[in-house]
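Heads up: the protein sequence lines correspond to chains A and B, in order. Per our numbering, the first sequence starts with residue -7, numbered consecutively. Per our numbering, the second sequence starts with residue -7, numbered consecutively.
You may find that some hints are simply not true.
In silico DSSO-like cross-links for lysine-lysine, where the CA-CA straight-line distance does not exceed 30 Å [unchecked claim]: (1) B:K586 with A:K564; (2) A:K380 with A:K216; (3) B:K634 with A:K586.
By construction, these hints were calculated from the structure, which means they are not laboratory data. This structure is a prediction, so every number in the text was calculated from the model and none was measured.
Number of protein chains: 2
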Amino acid sequence: MTLAQALFAPRAVALVGASGDAAKNSARPLRFLKKHGYAGRIVPINASRSKVLGEPAFGSLAEAPGAIDHAFIMTPGDWVERAIDECGARGVPVATIFSDGFADAGPEGAARELGVRVLGPNSMGLIDVPGRVALTVNAVLEMDALPAGTTSFVSHSGTMLGTVLSRGAARGLGFAKLVSVGNESDIGTGELVELLAEDPGTKVILLFLETVRDDARLAAAARKAHAAGKPVVAYKLGRSRLGAALARSHTGALAGEDAALDAYFRDCGIVRVDMLETLIEIAPLLSGRTPPNLPRAARVAVVTTTGGGAASVVDRLGMFGIETVAPDSESPIIDLTMTATAERYTAALDDLLASPQCDGVLAVVGSSAQFHPQLAVDPIVRSKRNAKPLAVFLTPHAERSLALLAERGVAAFRTPEACADALAAYFAWRSPRTRAAAASAEWPPDLPRRGRLDERQALKLLASLGISVVAHAIAQPPGYAHAIPYPVAAKALSADILHKTEAGAVCLGIADRAELDRGIRAMLERVPASRAVLVQKMESGLAEAIVGYRDDPVVGPIALVGAGGTLAEIYKDYALRLAPVSEDEAEEMIAEVKGLATLRGYRALPRGDVRALAKAVAALSRLALIAGSPVAEAEINPLIVKREGVVAVDGLVAMKEQD
Amino acid sequence: MTLAQALFAPRAVALVGASGDAAKNSARPLRFLKKHGYAGRIVPINASRSKVLGEPAFGSLAEAPGAIDHAFIMTPGDWVERAIDECGARGVPVATIFSDGFADAGPEGAARELGVRVLGPNSMGLIDVPGRVALTVNAVLEMDALPAGTTSFVSHSGTMLGTVLSRGAARGLGFAKLVSVGNESDIGTGELVELLAEDPGTKVILLFLETVRDDARLAAAARKAHAAGKPVVAYKLGRSRLGAALARSHTGALAGEDAALDAYFRDCGIVRVDMLETLIEIAPLLSGRTPPNLPRAARVAVVTTTGGGAASVVDRLGMFGIETVAPDSESPIIDLTMTATAERYTAALDDLLASPQCDGVLAVVGSSAQFHPQLAVDPIVRSKRNAKPLAVFLTPHAERSLALLAERGVAAFRTPEACADALAAYFAWRSPRTRAAAASAEWPPDLPRRGRLDERQALKLLASLGISVVAHAIAQPPGYAHAIPYPVAAKALSADILHKTEAGAVCLGIADRAELDRGIRAMLERVPASRAVLVQKMESGLAEAIVGYRDDPVVGPIALVGAGGTLAEIYKDYALRLAPVSEDEAEEMIAEVKGLATLRGYRALPRGDVRALAKAVAALSRLALIAGSPVAEAEINPLIVKREGVVAVDGLVAMKEQD
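Next up, chain A with everything else stripped away, as it sits in the complex (with noise of 0.2 Å):
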């Protein structure tokens, strides 16, 4: 019996727990599995009563007869471990956990030693809706008929199995098999995605997710689902929290969680959306299909019976960068409200779906919708439907319009922002990333690999990787020697200071021996602990860069570019990709920053070195290549672009262990 069998095509269930008092959730699972057709046994366990719901019940898991393949447990937390023990104790291979309140430890490390997978704790449990498991506490399951398809779902939230199949169902939308991964103490997010990819019933896969807990896992089982032409689509929680409150650097406050996040997904081929609707919506416009990939803004051509319906999904479309088209017409919008038939409708959407010069179209169908299908929406099911990507938008409250598309398998939207989000996603979609075997980097022998470096070991890991750094010496007491020419910077040499032009700890513009000895006096008496100077060469260029390097808790190292100074933070104005990135993958990623515009050439300002400034990114991301890299964070800014080369000025650099 594999892992998949047991939990979504168990012979026999067991449910631990189970209550006679049909009011009480834990009788639920109980009703809706009978509701719903499950075809195997069910074994409910209770410690007081010998028949549960009408069906004969057994005093604990060590009574109950026969094979199970399946408990679900939610017995108090107290009460977990020794249910945990007893399926261990008589093969159970997969215990689904709705209890929470157990021991901190959790459950899971007793389990594995006995042979138990463990699903949860905290889960709602699970539903296969073609094969009729409605293994659940979920109170969504009291509707009648759940509807059957090919997408499947893997939430974080118990809560969201019932949004998704009863929003589903309002609109004609199927689901194949639904997970509740709870608290993920065994079986976790990546593991179930892997199942799903080798699922013969599932065509696309759908996650809620409030985090990510085994970030390589799920971008292998991703990758899984790519190649077995599996669309995956998340929706993801904690988009405004803000960065990590440790953070060290610029690099570290910018790349909090979420914007890791949405590197990840990209790099492993996952689509991300915005809102809630359209992760449920969003299904039969990705299905079979593949990632566009395109190389740039996305054109979408629009037909419709409603200008001000149209425009209302035109214009989200166009806050997304999305271009609107209309092949052979000056208006950019195809609009038959007073004159669609619905002949004329299926041409003007067939001569779309048909045209070179549009990458996806748009269909509204206004007031019509609702009672008059024949005259807009039987001709988009008419329609050559399959030749490109078509997004459907109803205007109207039209339940069966959207279920007699999304039978036909046309994507159909109930709001234009939904509509939107979702041809936005599709278009952003991309293939994992495949990286070439690159070259491992090493760490430079006389480097600390503990605390942070100070300046000048800063400047010399990074001369280290190929990047270009200021002309720089240290100067010593007392007489601060040294053969910089004028003019210079001078800054106290110490590990200690994170923000050194706010402690006084810099003096820039220095244009001679006299000015270099007062600023020196100057500076130490702010900074006593430091002797030694750095004496660095003043430098300027046409603009100013963050380049940045971090281990991300939750996704690894990444790679960051950002406009300089202050920008990069005040404005968000930066660029993220899991690391390391190639210069081709840099050069796409000094494109995505609008402070970093000056250097491509804005209005009739001279063009930077971009190509310079990508080899630095590229140079710095391959920190990630050293084995066991001691590296938290590096960051350096600026980095000074010129029209020829860039240069680094000042470097940041501290360690994942601290003294």
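Given chain A, work out where chain B should sit, using these hints.
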């Protein structure tokens, strides 16, 4: 008979061009009037039939018997004018024109002379739900029962009448009057809002806008509605449209139609929503309430039976800058997932609704909402729900619960995004701005009123408004003598060069006489037309700001302040208000500009003179007070902000009348 009576309560309606073929659009008004119980006389006008759908028909308006209060005209465009003539001849006070395609000039001139008020052309008609007047071609009226309520709706899109009616009906939200204004040749949105402000059946007014055609009338009407305690809410298309192509300044390019309209809505107390369904769902949240006029970030308390469901709203609230607070609790959300009973839910909700620590309450209900409303939906209905704004989000498809809440006047939302959008719109809601009577300003008599001002004239205008301008002088050939102390800047004196820096018409940081002479020679080679040169003192400060003024074609004079240099443009980092603004209002604007955060004490950087910047913004905005002001656009870019004071170093002023 008042206009409102003729529009919404006609004793007899003539349907001009009513078709006898029930399948045609032009047969619908007759069917819909009868279907929905119209109590007045229906008079079909049809040139070729004596009966239309069972009703006696007449060959022309002239032949129809009895008084007719309202004519609904569906004849082909060429025939519209004749129908209007006939309306005039027999004293029909209002004609709604569905037709389009008549002469460009439109029928409104003739209609006005004849004393006929016109709704349309291109109007889909209007509906008075409680009054049982369904005078429209909108196909959604095929629905059996129209939900009556106290929310009225004015729309540029006729389709949207059906959209809001049918979507409202599906969740128990009713309507009073719904009007499709079409092209507003005569009766416009402003006049209709006036009528609705006086309408005892209307408590909330919703607008679906494609543009604003009469800003002054709509603003006055919105103020009238505010005075009557009736919130006005707008959904406005065109958010992604770029600024006017003909803009001559940054201010013009930035303050595109949509941003200017945002300032306009705020000015006249109109609530703006971002999403289409928010427009439908927000009414109960606003009904009977006044603007909160919050001087700080809003605080919302949350009670839920689903962690994931609550997070989907809270996440979005965070993106709007709304804080989640939990009085007397460590967690920011009161999560009753495992412990919900009706009593606990009501108690938790009432505590929050009574707490002075939050400005509003969000209640989220999970899977129980669909089949067990007694668990959380009933408790919401029983709570002290009017004590504070209360928004409810239900995670499953739960139309009956939505209807139950709507029936009791509780604002309930189908999606987390619309729920957050509505709360954000409510908290951003402000009373219409009242302006202290300000002294008018004067146009300096020696400045031209056409074309553009040159640099010196622009500085003179700024100084006349009380703005501190850079020390400057005109240096004339051949000697170019001047008395400005070095270092100086030199600029070619010309009103014709728009982007002086790019044109090579500016020399900065000139250290001495010799350098000035070289600079002037080089400049005159690049800009041969210019002879005299403006010499001005080099200024520096803590930050640069852009301060702008524009007489917007849609909403009139507006004031702008933004981050200097190219930041305002690259990052769309600016604040707009209708002009004139007071100094306090200008300070509020400055606080909205991220790039000016440095002035308010960013990290350890010194603070700038925000008050002096505010004075300059207010001073420039007084251009709006000049009687018959000739200025189309005026801009200071940059205004240098110092620790004390500000100084304008560059001015651009373009008149409405060009040569």
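Hints, verified against the model:
no. : hint               : in the structure
1   : B:K586 with A:K564 : holds, 11 Å
2   : A:K380 with A:K216 : holds, 25 Å
3   : B:K634 with A:K586 : holds, 27 Å
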